[in-house]
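Protein chains in written order, with the numbering used here: chain A, 24 to 383; chain B, 24 to 383; chain C, 24 to 383; chain D, 24 to 383.
If you're looking for bench data, these hints aren't it; they were derived computationally from the structure. The beta carbon of each residue, even a glycine, is placed where N, CA and C say it ideally should be. Honestly, I wouldn't trust all of these hints.
[Claimed, not checked] Simulated DEER-style distance windows between Cβ atoms:
1. Gln-170(B) with Glu-200(C): 35 to 41 angstroms
2. Gly-172(D) with Ala-213(C): 38 to 44 angstroms
3. Asp-194(C) with Asp-60(B): 20 to 26 angstroms
[To be verified] Covered, in the sense of this in silico footprint (three residues per stretch, anywhere, with C-beta under 8 angstroms from a C-beta of chain D), are these stretches of chain C:
4. 54-63
5. 202-216
6. 222-235
7. 326-339
4 protein chains.
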Amino acid sequence: MSANTFGTLFRLTTFGESHGVALGGIIDGCPAGLPIDLDFIQHELDRRRPGQSEVTSPRNESDNIELLSGVFEGLSTGSPIAFSVRNKDHHSHDYDHLRNAYRPSHADYTYDAKYGFRDYRGGGRSSARETLSRVAGGAVAKLLLAQSGINVKAYVSSIGNVHVENELTLDQIDETENSQVRCPDKEASAKMIQLISDLKREGDTTGGIITCLISGVPPGLGEPVFDKLQADLAKAAMSINTAKGFEYGEGFNAPSMRGSVHNDIFIASNDGDIKTKTNHSGGIQGGISNGNDIVFRVAFKPIATILQAQASVNSQGENIVLEAKGRHDVCVVPRAVPIVEAMAALVIADHLLRNRSARL
Amino acid sequence: MSANTFGTLFRLTTFGESHGVALGGIIDGCPAGLPIDLDFIQHELDRRRPGQSEVTSPRNESDNIELLSGVFEGLSTGSPIAFSVRNKDHHSHDYDHLRNAYRPSHADYTYDAKYGFRDYRGGGRSSARETLSRVAGGAVAKLLLAQSGINVKAYVSSIGNVHVENELTLDQIDETENSQVRCPDKEASAKMIQLISDLKREGDTTGGIITCLISGVPPGLGEPVFDKLQADLAKAAMSINTAKGFEYGEGFNAPSMRGSVHNDIFIASNDGDIKTKTNHSGGIQGGISNGNDIVFRVAFKPIATILQAQASVNSQGENIVLEAKGRHDVCVVPRAVPIVEAMAALVIADHLLRNRSARL
Amino acid sequence: MSANTFGTLFRLTTFGESHGVALGGIIDGCPAGLPIDLDFIQHELDRRRPGQSEVTSPRNESDNIELLSGVFEGLSTGSPIAFSVRNKDHHSHDYDHLRNAYRPSHADYTYDAKYGFRDYRGGGRSSARETLSRVAGGAVAKLLLAQSGINVKAYVSSIGNVHVENELTLDQIDETENSQVRCPDKEASAKMIQLISDLKREGDTTGGIITCLISGVPPGLGEPVFDKLQADLAKAAMSINTAKGFEYGEGFNAPSMRGSVHNDIFIASNDGDIKTKTNHSGGIQGGISNGNDIVFRVAFKPIATILQAQASVNSQGENIVLEAKGRHDVCVVPRAVPIVEAMAALVIADHLLRNRSARL
Amino acid sequence: MSANTFGTLFRLTTFGESHGVALGGIIDGCPAGLPIDLDFIQHELDRRRPGQSEVTSPRNESDNIELLSGVFEGLSTGSPIAFSVRNKDHHSHDYDHLRNAYRPSHADYTYDAKYGFRDYRGGGRSSARETLSRVAGGAVAKLLLAQSGINVKAYVSSIGNVHVENELTLDQIDETENSQVRCPDKEASAKMIQLISDLKREGDTTGGIITCLISGVPPGLGEPVFDKLQADLAKAAMSINTAKGFEYGEGFNAPSMRGSVHNDIFIASNDGDIKTKTNHSGGIQGGISNGNDIVFRVAFKPIATILQAQASVNSQGENIVLEAKGRHDVCVVPRAVPIVEAMAALVIADHLLRNRSARL
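Only chain A is shown next, with the shape it has when bound in the complex (with noise of 0.2 angstroms):
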């Protein structure tokens, strides 16, 4: 409904700039009585920081959260729970070149072509430092789901052409934190650490696609025709700076395989229970979560500053030449677990309380 507002019972508006006074962002919707982990919401941002390993960028920001309302003795009260990050590595002066620079395939253009001028500061709004306060407010959310069993875990399936060859089950990927490329797939890991440090050399840049689960969700939650389920999950990927492509079950997959490959076959256990064969459908049907594990995938393209000369334009329509400085990020992928995950929870924890009033 609003540009910096994301979900319709538990909310979350942000707020930030690169190198503003702060970061941060408000929660509204929390229901009262849960108790507010702090250090699992700044061990969540850490796993967000850069500087985490030597294939991502050093930038060491810190980010530490402080919490300003809405949780009272541990819990949250039901009002409004606001949190900020203070920055604090200001070193402004190092973007006045970019000041009327165009960036190849940044935001800088189409932010002046929106709002007649930008905050030019290391990307200002567009940087990807905004998303430290979704992954604060995908904390909040994931203690909220914990409640219920529900469960988001997300890892690195490819990084360029390096890709996890099998769909990794949910003990598997438990891994995911042990490799420094957030890849559980110890072989293809190793691949990825090689390939980075490969386009390193070469001033270079590469994608990759982020793989999340998320298991324990109980059956009903979506809400149909336009709030359906994967509809809201693709919107909260593709929110995400830098993705390009979303896709969950099958996938880009499903329009070439027949129908009666496709479809996830019921059965029934002894219990009267009723489960299906197979998940091609990704733990979605018509909208609705089945109680199968939710599979969606996200693509990310290769970050858009190198480490080479590129020719470009400025405000003016003039022909410049930028060349990138200092230390940047190769893959930003494994930085963006989790964000994916925090993006997921928060659509998880707004469905399970829309759906409160299915019924009477």
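Based on these hints, arrange chains B, C and D on the given structure of chain A.
Chains B, C and D alone, transformed into the frame defined by chain A:
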């Protein structure tokens, strides 16, 4: 925001079930003074209608639209534009055997899980017949967009494993409506028709991919950070029945591209007009349109109703065998072309109005 | 959120003009499983209808409602409930003289100022006939509230300078429907009827005040800080045609009371049940219902159409003289009783659902 | 739409409790390019602050605002504008005796009923200190309105039974800030100050009425049928703590007026400009501004905290006696003047942006 309402300023709220009294909707927020061409709206509905060709199901619904409000002397008045289409072809008793049955990969089970019971006649609200209201609403959005020189056109780029080899240009896709499967590439079109004919004999079904081009979009549409243009397009597309994936620009190809290749280099014409050499970004950067054509693709699964016996269960958890009767579509993707266009038009119309508040 | 949509979870979107094809609406968010009593809805519409008694205008519209969707085998399904009432009594040419005229204290001038032109037939969208859709939507809300033992009842407490002396109790207002002016106080009712009769002879009009009581509301409804229960009731009431004021509890008497008098002292019964000695607060404290009856009042202005010649101007800024023809109401306040009830019911139903997310 | 968000396009989301870490908010939807005058915002906050004069409570909070985002080089960027005010004056233990107590006509009982427990320190979220965020948000709205020549000014027209005799003109109310009780009528102001002084000795409190004038509003603002301008103003006003009534134009006088008297007769000037002879309508007809000054009034109850012993109960349903300590306001209505202005400014700013989509 609400389950059956789509949009923020240009808003469509829909109603109706497959075998209820009528389907329709209310468009709220259409600016006053827009000529409402009823013939055009009816023409769009006719494009969605079954029975248009030998390759689609022959149920002849006619689907005559009636405008109920909001138009005076041919112009939109600024008041809500309501419309309805009456259902005629009621054979509700044909569905009695489905009262308690759960058809595989349909919404029967999940609707029961959510609401406690369901209107089982022809799928009720989960029927693709619901999309009729989207097409009518999208037609009005197209009329609004035409005033700004914006054009939305989609075509079938894959059915099963038959693909259009190259991306088609706007000129080429003018042939879309001359193909029974809405594929403007004659060779691919012929192969698709053959594939559908083969599958019909086998009683099986297939999916496909639709590519959508939106031309004439001015730079500046899209509302970061959550209502990025691609995020709203993704939600719009993924809310359509049987959609399994969405991508824009290079989409799922982007992860394996290098930044140096993927970046769209800016060039300035002599008059200072700023363009890009390539359009890997698909017309959107930082969530905001950049003036290039917007290009996105939607993947659809094979439809679930097949003319083969399938094991299943009923609501009591008993094993049953389902066998579809009558004539059914092998592939609904050609009929989904106007639906994809309609949803895209709704998104762009909404953002066109939202962008009016971007600047002082 | 949207101009023609009311509510957050229990949402009514309406359409229709005085002399268009039909009026109606869509209720989205009604929980599944609610018995939908069509006779009751029709009965509520009949209470709003003109021509019910000698003191109201004789236009006989009949206003038969048709349900179009969302109800199956007598129960709400969780899908949108659409309804419409066709307009029958078209004498559109009666309004040709008003095409360019601006009637004093009507919406003619402001609609032109906003939209550039208007559907001038019978006031178009600004006609009080629009409230028909509110009454139908409110009737469904009442059915939902009845399941929770909540009752909404309003009556006329003033017409012109005739007032009901004392606040009436719930029992007393059961007589409302026996009074031609919906005033359950027999003495006041007789004076009101006399006043209307006198004004009719003079070709003049008058306003009035409606008092509304809502009983059975559980403690806890209302969403601080902006969606306090009284705030949403105020908006609901003030969105009704010709409403000029809203107050609850002591209302405009409160400013001149002392805190020591106005405060509602708590008392605990032997079983620990907490009540208040008085109800100066009108059933709401801090924006949240406290379990007492909710009491509010709405002031309505005299209707603008009088049977006297009035100087005015037209859209070209020329002086004209207007003289109303035919038969017109002297006072519409009695017919506004079901409208006030409907808007109150919509608010309480919405907050009943919203409150389901208040706690873990 | 959301409990702590106000507005559709120009949106304010607030957070914070009386004795939490900070209060503040996020303004989303402010057009880019607006000069943000921080001194003006601080000045508005200072007008709301306690301790401004001898007749208000002496708690000196200082309330220094800090902008966190959305402003670059002095201009709004189109990104969310976040702000916060840190709480300094924590004497939380002063409130320990209120942990289980229910103060009469406060929100203690209802917050417990809704959320299961509450932040009892200083009233928590239900404290009038929450309105600080409204004033800050409203200050930005005023800056936006000033660009269109729109001015929002309120004053105290009643305290207890002391009333300003006649409606004041815009010129007269320039004296508002020179009165300790914000009443520009010198005689009435003196009597109000005397009344407050008398009540202080008795340990009692009183309410009052605020009149608000909005000048310079162009014709055309307001969105029928539910978001009529008066409906949104009513909601805005009634969401303020201790507000009990709202009226505009003739308000509660209107019901006893005759149509022939109440109607505002149109007159055309020689240059075709259309005005009205009178402004009984209060600047709004059919829910849309007509270009006249908008005039509305808000009634406030006496504040509930009195310096007298009061019987009450606690959360266990036990009888207790409450006695307020320290210094408390006798009448907060003078401090509510900037709050009423802020809420009115938020409504008009929102409708100014919404009206940009009224026409093609």
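Exercise. Do three or more residues of the region 54-63 of chain C come closer than 8 angstroms to chain D, measuring C-beta to C-beta?
Worked result: violated (count 0)
Exercise. Can the region 326-339 of chain C be counted as covered by chain D under the rule of three residues or more with Cβ-Cβ separation shorter than 8 angstroms?
Worked result: holds (count 10)
Exercise. Okay, the region 222-235 of chain C and chain D, do three or more residues pass the C-beta test at under 8 angstroms?
Worked result: That given contact holds, which follows from 7 residues of the region 222-235 of chain C lying within Cβ reach (below 8 angstroms) of chain D.
Problem set entry | Status of the given 38 to 44 angstroms range, CB of Ala-213(C) versus CB of Gly-172(D) | Given a distance of about 52 angstroms, which is not inside 38 to 44 angstroms, the answer is violated.
Exercise. Counting residues of the region 202-216 of chain C whose CB is closer than 8 angstroms to a CB in chain D, do you get three or more?
Worked result: This one is violated; 0 residues, fewer than the three required, reach chain D with a Cβ under 8 angstroms.
Exercise. So the hint says 20 to 26 angstroms: do the beta-carbon atoms of Asp-194(C) and Asp-60(B) match that?
Worked result: violated, 58 angstroms
Exercise. Is 35 to 41 angstroms a correct range for the gap between the Cβ atoms of Gln-170(B) and Glu-200(C)?
Worked result: violated, 51 angstroms
The structure shown violates the earlier hints numbered 1, 2, 3, 4, 5.
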